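Chains as they are written, first to last, in the working numbering: chain Z, 4 to 304; chain B, 4 to 304; chain V, 4 to 304; chain G, 4 to 304.
Please note that the accuracy of each hint is not assured.
When chains are identical, the list treats them as one kind, so a pair holds in a single copy or across two.
Unchecked claim - Straight-line Cα separation of at most 35 angstroms, DSBU-like style, residue types lysine-lysine; simulated pairs:
{"hint": "1", "residue 1": "Lys97", "residue 2": "Lys223"}
{"hint": "2", "residue 1": "Lys13", "residue 2": "Lys25"}
{"hint": "3", "residue 1": "Lys73", "residue 2": "Lys103"}
{"hint": "4", "residue 1": "Lys97", "residue 2": "Lys25"}
{"hint": "5", "residue 1": "Lys97", "residue 2": "Lys73"}
{"hint": "6", "residue 1": "Lys25", "residue 2": "Lys103"}
For the record, the hints were derived by calculation from the structure and aren't laboratory data. Since this is a predicted model, take the numbers as computed values, not measurements.
There are 4 protein chains.
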Amino acid sequence: MQLGMVGLGKMGGNMAARLRDKGHDVVGFDFNPELRDVASLEELVGRLDAPRVVWLMVPAGEATSAAIEKLSDLLDAGDLIIEGGNSHYVDDRKRADILKQSGVSYVDAGVSGGVWGRENGYGIMVGGAAEDVDRARPIFDALVPDTGGGFVHAGGVGAGHFVKMVHNGIEYGMMQAFAEGYELMAASDIVDDVPGTFDSWREGTVVRSWLLDLLVRALKGDPELEELRGYAQDSGEGRWTVQAAVDHAVPAPVISSALFARFASRQEDSPAMKVIAALRNQFGGHAVAKTTDDPARTPRS
Amino acid sequence: MQLGMVGLGKMGGNMAARLRDKGHDVVGFDFNPELRDVASLEELVGRLDAPRVVWLMVPAGEATSAAIEKLSDLLDAGDLIIEGGNSHYVDDRKRADILKQSGVSYVDAGVSGGVWGRENGYGIMVGGAAEDVDRARPIFDALVPDTGGGFVHAGGVGAGHFVKMVHNGIEYGMMQAFAEGYELMAASDIVDDVPGTFDSWREGTVVRSWLLDLLVRALKGDPELEELRGYAQDSGEGRWTVQAAVDHAVPAPVISSALFARFASRQEDSPAMKVIAALRNQFGGHAVAKTTDDPARTPRS
Amino acid sequence: MQLGMVGLGKMGGNMAARLRDKGHDVVGFDFNPELRDVASLEELVGRLDAPRVVWLMVPAGEATSAAIEKLSDLLDAGDLIIEGGNSHYVDDRKRADILKQSGVSYVDAGVSGGVWGRENGYGIMVGGAAEDVDRARPIFDALVPDTGGGFVHAGGVGAGHFVKMVHNGIEYGMMQAFAEGYELMAASDIVDDVPGTFDSWREGTVVRSWLLDLLVRALKGDPELEELRGYAQDSGEGRWTVQAAVDHAVPAPVISSALFARFASRQEDSPAMKVIAALRNQFGGHAVAKTTDDPARTPRS
Amino acid sequence: MQLGMVGLGKMGGNMAARLRDKGHDVVGFDFNPELRDVASLEELVGRLDAPRVVWLMVPAGEATSAAIEKLSDLLDAGDLIIEGGNSHYVDDRKRADILKQSGVSYVDAGVSGGVWGRENGYGIMVGGAAEDVDRARPIFDALVPDTGGGFVHAGGVGAGHFVKMVHNGIEYGMMQAFAEGYELMAASDIVDDVPGTFDSWREGTVVRSWLLDLLVRALKGDPELEELRGYAQDSGEGRWTVQAAVDHAVPAPVISSALFARFASRQEDSPAMKVIAALRNQFGGHAVAKTTDDPARTPRS
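So here's chain Z without its partners, still in its complex pose:
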């Protein structure tokens, strides 16, 4: 079927290519003239037959909002926007409500698969009305792996990005679990072969997983991880997961711990731990304590 694709970077470009390989007619727009088929959103909309389907694959936040605002002026009632970036599910709902006023439909799609997706297919999690999802189904079918797995219509608008967000939150927890296990083995004086241990776990154990595969690969190249600093970025989804858990009164100690560990990893020095150090200094009854008449007693600990 025919599809407009806005954003032809690493993700959008590969997805467009996979769709074309599968016989779909993709009209692409990007700010980069070398990547695009059409020179403007106006031209893109003009090239598509109504009712149109336009897939957005641009950076989350401002860029996505701006593209949607512009498209809302250009598209007609009956057209469909699929937002495939990393939007927050609450933003999806707001946008869908606004677009509904002009009869434009909205589907949100969480996309997993990275640079390997073009060849192997993408995981696709979508939210939206059944009729809108059905209309775009040939596109989804072409994007997922050839096995036909990897697709879910998770619920109404926002559900796609919601479950992608939760996926990433789970990922944070799993990664941190492996990380803690690694550190404990490395800190002990008892385990001589940490990389070999992880490698052995790839068969017959409970923890076998794609993340374990990746860790074994990483340790093959750098058995003691000497080339890396313990510094980890976090994406919006991890934060959103914790905030959604708080909003829904769901205990999320593991996912939040994993997120906080990343926060801490990026600090040159920890303000919180300065407070601990300051308080411990105060216990000691050092000089500074003499200058105050209160409190009366300074316990040892």
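Using the hints, position chains B, V and G against chain Z.
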């Protein structure tokens, strides 16, 4: 090669069977007369040619210690004990030191694989001296999957059980990550198809794993987990992992959070949360507060 | 000085009374005819001399927003609104921006002190422009304890509610620390006198605090907390603190753990722990497992 | 009454001085000739009238164990040892069992109060048999503050050190709660006066406490804590509290989080976070990934 197997329950019995299938000569002892080849440890030792190899597969703790103590009297210098149960690595080290005085060697083996191991092979993680591990290598080779993976000689005595313990700690964290993600999706009013979402993640995502496979299977039979109570046991290994982390000054927020969630799941009522409730009651300046002359002020919150 | 007070419930009524005791001229409005001096916001505004100062002490959220919207129509440039409820600091900032367009100033005030405040004074934390805070300073001076402590101008608009929010977050962590210590002593078979232990800590120790005083009082009436259920509500501020920490990339493991413990305390059954139970069931290789052809291996643990 | 005091350092020396001020007859031994009254434990025991009471105030661990072993040879049935150092409660129980064979009694005493204790009194938490505690009661009465508070007989042998341990665990949680609150306020762009905010909380709030007093004092000298590194030691008691919680199946998320934050503060680089960084690198499908034929798909995130 020839092997004595002490403990022919679900695990030991299946392992003995797999070893025999692979051509090894196993002499088995169990307290249950229906399962055993010999009627006593004395007879078992008598039936084995020196230098002997005896594999212990009995419940951790007292039973294992008692068996080792008895064997230490019966075995000769040059013989080898392989402790395949869930011993604590510190106990392994103590036992090995004692046995060394009479020339008996000790190897600890963490075994993973459960009831499927007989057919598919076990994950085996061992600790001990290289010469002792090498001597028993044909046994290990027969127990692991036919691919030859799933084995590691992790270090000296205790290292096998140490890495098995860490494996289980990681497992706790991974399970809790999935559990939190599940609860968040179930608590939201936005996700209509939670089982389908997990199922879709089995392809092309970061969280794909054996645990995800198991969760999808569980949700197929009981999509809202209505047949289960949120009550989870913990094994010694989870606790030991947290305690080892504390001993080694390794931050383990995820693994400990997962363990604590299990503790809490088994409480009819939480004493800690009674304290929170009691303190909140006190804030209110209710009747009880009137009976005291202190403290002067009761803040709102 | 003259002050309009909107909301004469337990908090607002006591504050108005304390202000009058200190010689201030308070005109009060409430929906309850028995409590109020004037019958409407219109009448309240009419009774005050310009430039007016109006203190809001109504339930957070809709009620507060509605009152501010109405007042924004009635007040003149140069007037000042003090929002003393539990608003979110981001809402404060939005409101202040809107009011600024009509020249009305806005100060947010976090208030601590509960039912004891009338007699003993309130803790007051304010945010706003220096000139606005200065203008209302006589009011703040009358509300705080007679010692003159308990007041801070923490920063611009929103800062008052921000630091009140953080105060409550810290409170959550402190309460949970005592709660965990209580549970550990109660769970051990070694401590015979838990209430006496807490009581002894009121002198000469590091943990002496108003919360400890409250706990000792609670244990005097109910030494084993048998009259209470381990069920704890949470207020918005605890949630907001965690969300603000996430927004600012600040690790907050203790405050979030304390919040999550409250969430968990209110669950009849934990969906997350059902997942743990379900996964543990799957390990066992029970009947349900036989009906699937995948996965190949089911490890013991 | 008469008391032998072993260990006359900062703590033991001050305690001996306070006891003498209150009219008790203290015979002191220390390895430092300048501090002691007697030159050996033998001489100390010889100078005391039976039944003797000997208070140990030496470094925890080896030094304490060695002193007890030596004293067990020198003392007679009916004598009493009070161990006032920071022993683990399990060690107390072992020692008491051994001493009981020769009729020597054992009481463990957790002592709080630091350098201010000589003047203001110490918090004393003891464990032991009632008759032994009663015998030493005049000593305890002289050590605690003149108000008579600050003492508890918490239970049998070990209970004194157990509750002192829990006290310190609670202290960890409280300190971390303040630390997180500080960091959040410092990280925001909204709070202009962090020290003033803490200061204002000393009146009329829920968080008022001796730790808050200390923090306010520390911030007076160094308002942005610029002179300190975020590096915090931990004492044995914090670790023991977490381990005891795990042993007793008590959820302790706050105390353990506080402990882990200290562990992390002392790491130049975090091995765990290197694993996170390594895994994130692997996602990207970078060069290293090309050299493997597995896994098939590399998702974006």
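How the hints compare with the structure:
1. Lys97 x Lys223: between (47 angstroms within a copy, 34 angstroms between copies)
2. Lys13 x Lys25: Only inside one copy: lysine 13 and lysine 25 sit 19 angstroms apart there, 51 angstroms across copies, limit 35 angstroms.
3. Lys73 x Lys103: Both. Shortest intra-copy (15 angstroms) and inter-copy (31 angstroms) distances satisfy the 35 angstroms Cα cut-off.
4. Lys97 x Lys25: Within. Shortest intra-copy distance 33 angstroms satisfies the 35 angstroms Cα cut-off; inter-copy 50 angstroms does not.
5. Lys97 x Lys73: Both. Shortest intra-copy (16 angstroms) and inter-copy (27 angstroms) distances satisfy the 35 angstroms Cα cut-off.
6. Lys25 x Lys103: within (31 angstroms within a copy, 57 angstroms between copies)
In this structure, every one of the numbered hints holds.
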